[in-house]
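**Q** Each chain, written out:
Number of protein chains: 2
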Amino acid sequence: MINKLCDKIKKTNAPIVVGLDPMLSYVPDHIKAAAFAEYGETLKGAAEAIWQYNKGIIDATYDLIPAVKPQIAMYEQFGIEGMIAFQKTVEYCQEKDLVVIGDIKRGDIGSTSAAYATGHIGKVQVGSNTYTAFNEDFITVNPYLGSDGITPFLDVCKEEKKGMFILVKTSNPSSGEFQDRLIDGKPLYEHVAEKVAAWGEEHMGDSYSYVGAVVGATYPEIGKVLRKVMPKSFILVPGYGAQGGKGADLVHYFNEDGLGAIVNSSRGIIAAYKQDKYAQYGAANYADASRAAVLDMIADIDGALKAAK
Amino acid sequence: MINKLCDKIKKTNAPIVVGLDPMLSYVPDHIKAAAFAEYGETLKGAAEAIWQYNKGIIDATYDLIPAVKPQIAMYEQFGIEGMIAFQKTVEYCQEKDLVVIGDIKRGDIGSTSAAYATGHIGKVQVGSNTYTAFNEDFITVNPYLGSDGITPFLDVCKEEKKGMFILVKTSNPSSGEFQDRLIDGKPLYEHVAEKVAAWGEEHMGDSYSYVGAVVGATYPEIGKVLRKVMPKSFILVPGYGAQGGKGADLVHYFNEDGLGAIVNSSRGIIAAYKQDKYAQYGAANYADASRAAVLDMIADIDGALKAAK
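Protein chains in written order, with this note's numbering: chain V, 1 to 309; chain S, 1 to 309.
Each hint should be verified, as a subset may be incorrect.
Each pair may be met inside one copy or between any two copies, as identical chains are not told apart.
Below 16 Å or equal to it, Euclidean Cα-Cα: the simulated EDC-like pairs (lysine to aspartate or glutamate) are [unchecked claim]:
#1 K309 / D180
#2 K195 / E177
#3 K274 / E256
#4 K123 / E41
Everything labelled a hint here was simulated from the structure, so no lab data went into it. It should be emphasised that the depicted structure is a prediction, and the values quoted were computed from it without experimental measurement.
Let the hints inform the model, and build the full structure from the sequences given.
**A** As structure tokens, this is what we get:
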């Protein structure tokens with residue numbers, strides 16, 4: 001799956017991922033009206049609205065991008081119906097040959113991490129049958145519990161040729177509260193990054209590891225350091241766009257081969273029609289606004305990478 | 001909800017919580033056979049089996065205990081059908097007047113934590129209607145992202161008079177890998193505990209805070225220190241029984257009022273019939289074995305607390 005991600009990035013020349021993090025407030029009124037007409041103002045109606053909204057964005061952008069990253073919390077808030085919309089979104093993206101990164105940030109003690117791994121990237125046994133549950137291609141994982149919270153995910157990644165991105169330095173303002181604290185002269189995030197590099201060596205693709213890291217776009221100097229600590233790990237970079245990150249800030253997250261990083265934008269793309277810049281599309285053509293925002297993001301990052309050469 | 005938890009602990013004299021972490025391998029054959037006869041060897045069949053298994057344990061123990069802690073990963077591994085079994089379990093426990101601690105270990109950047117809080121302890125708005133999704137009473141939360149990953153949970157806790165337990169020192173063998181590392185002379189878990197105490201002051205019940213902490217039974221010396229760092233926080237203590245913790249190890253997790261800690265046992269209770277000690281019950285009477293194991297656990301902890309006085 002990491003090889004597929006590399007291939008698709010080269011083919012699209014787009015080291016980006018579209019964050020499918022739908023809020024009901026982003027969904028254009030005509031989509032909500034149709035969903036509510038069918039299912040009422042219910043959890044099922046809300047789930048139908050976000051699914052139709054996602055589908056529009058995917059149809060308008062899938063040929064330009066290698067991957068999507070649905071944030072499961074945005075679906076989980078609508079309960080079972082929301083989880084069904086999450087599952088439909090994952091399946092539909094895979095039909096469109098997109099790599100799906102489930103942004104689930106799970107992590108627990110061994111046997112529990114094993115259950116999460118089974119549910120999200122593995123297979124579950126029921127009697128003599130085997131099923132997949134949520135079936136993403138990559139997932140995000142929280143490292144706070146240490147190695148024995150990570151290895152069950154690693155085991156399933158090996159079995160299924162799937163991958164994960166481990167939180168190293170997150171994009172939010174207070175991420176430094178614990179992550180930046182110095183331990184033996186080095187910040188905690190650097191210790192975590194060293195472990196990511198070590199775990200990654202256990203499960204290598206052709207040029208990159210199946211074990212990547214999350215490093216926020218909002219901390220470019222840290223990204224520069226961590227690129228070197230984890231040379232074979234892909235860096236998943238949240239925080240571009242709405243959170244403040246720009247293409248020029250991100251060149252050091254990449255290796256010299258032009259790979260090694262994949263930059264996420266969520267709101268900046270899926271709710272592009274709400275920005276002044278793309279307002280001319282209007283709510284009716286929200287998906288075209290998303291396509292325009294994807295093209296602009298690709299150009300921004302490509303320009304920055306070329307300028308840095 | 002923290003007041004209710006305190007009241008129920010006093011009434012039952014049982015500072016314990018039963019971890020509803022069902023594995024299909026724990027479920028007695030007669031329950032699996034009935035579920036598979038109805039739904040086949042499918043995800044729905046598996047979910048029905050774990051729900052019926054849970055129901056038997058709840059019916060046999062609810063009068064003895066204040067609270068249950070379903071581990072969502074064990075349900076999530078069966079996909080949507082598993083999540084429905086989780087939801088049914090939460091609802092059924094609440095009908096039995098049990099406090100439900102959803103062991104979900106979520107945690108993300110602000111807007112995403114807000115969505116998790118909405119889905120698990122809050123209410124979600126759809127048009128002019130308001131719904132609950134998973135509707136637990138307490139949840140567990142991961143602190144790696146710092147304050148702005150926690151405050152959205154805190155906000156919803158305040159609104160709904162619900163609570164959370166934040167991971168401080170987990171029970172697993174490699175928890176020390178990051179959590180024990182020294183920062184300014186103190187381990188990371190102690191820095192997290194200080195923040196838990198500060199967050200907890202913002203949302204107090206009558207004697208204890210709505211913000212508690214997770215500290216594993218497997219590290220009793222650390223429990224003793226952390227009890228003092230967070231005097232007003234309830235400590236949720238995993239790792240009793242199957243993971244090795246004993247009642248005598250846990251006396252220092254409690255305050256002098258006999259409150260302040262709630263000890264979890266999962267496998268040791270729900271799969272008690274598989275232990276030599278309770279083998280005489282047999283698989284047919286697995287729930288009676290669970291009841292006997294609950295009574296033994298209460299006696300073990302009560303004895304240890306009395307001996308320490």
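**Q** Taking the hints in turn, state whether each one holds.
**A** Hints, one by one, checked against the model:
1. K309 / D180: neither (30 Å within a copy, 42 Å between copies)
2. K195 / E177: So K195 and E177 pass the 16 Å test across copies only (10 Å; inside, 20 Å).
3. K274 / E256: neither (36 Å within a copy, 57 Å between copies)
4. K123 / E41: between (35 Å within a copy, 14 Å between copies)
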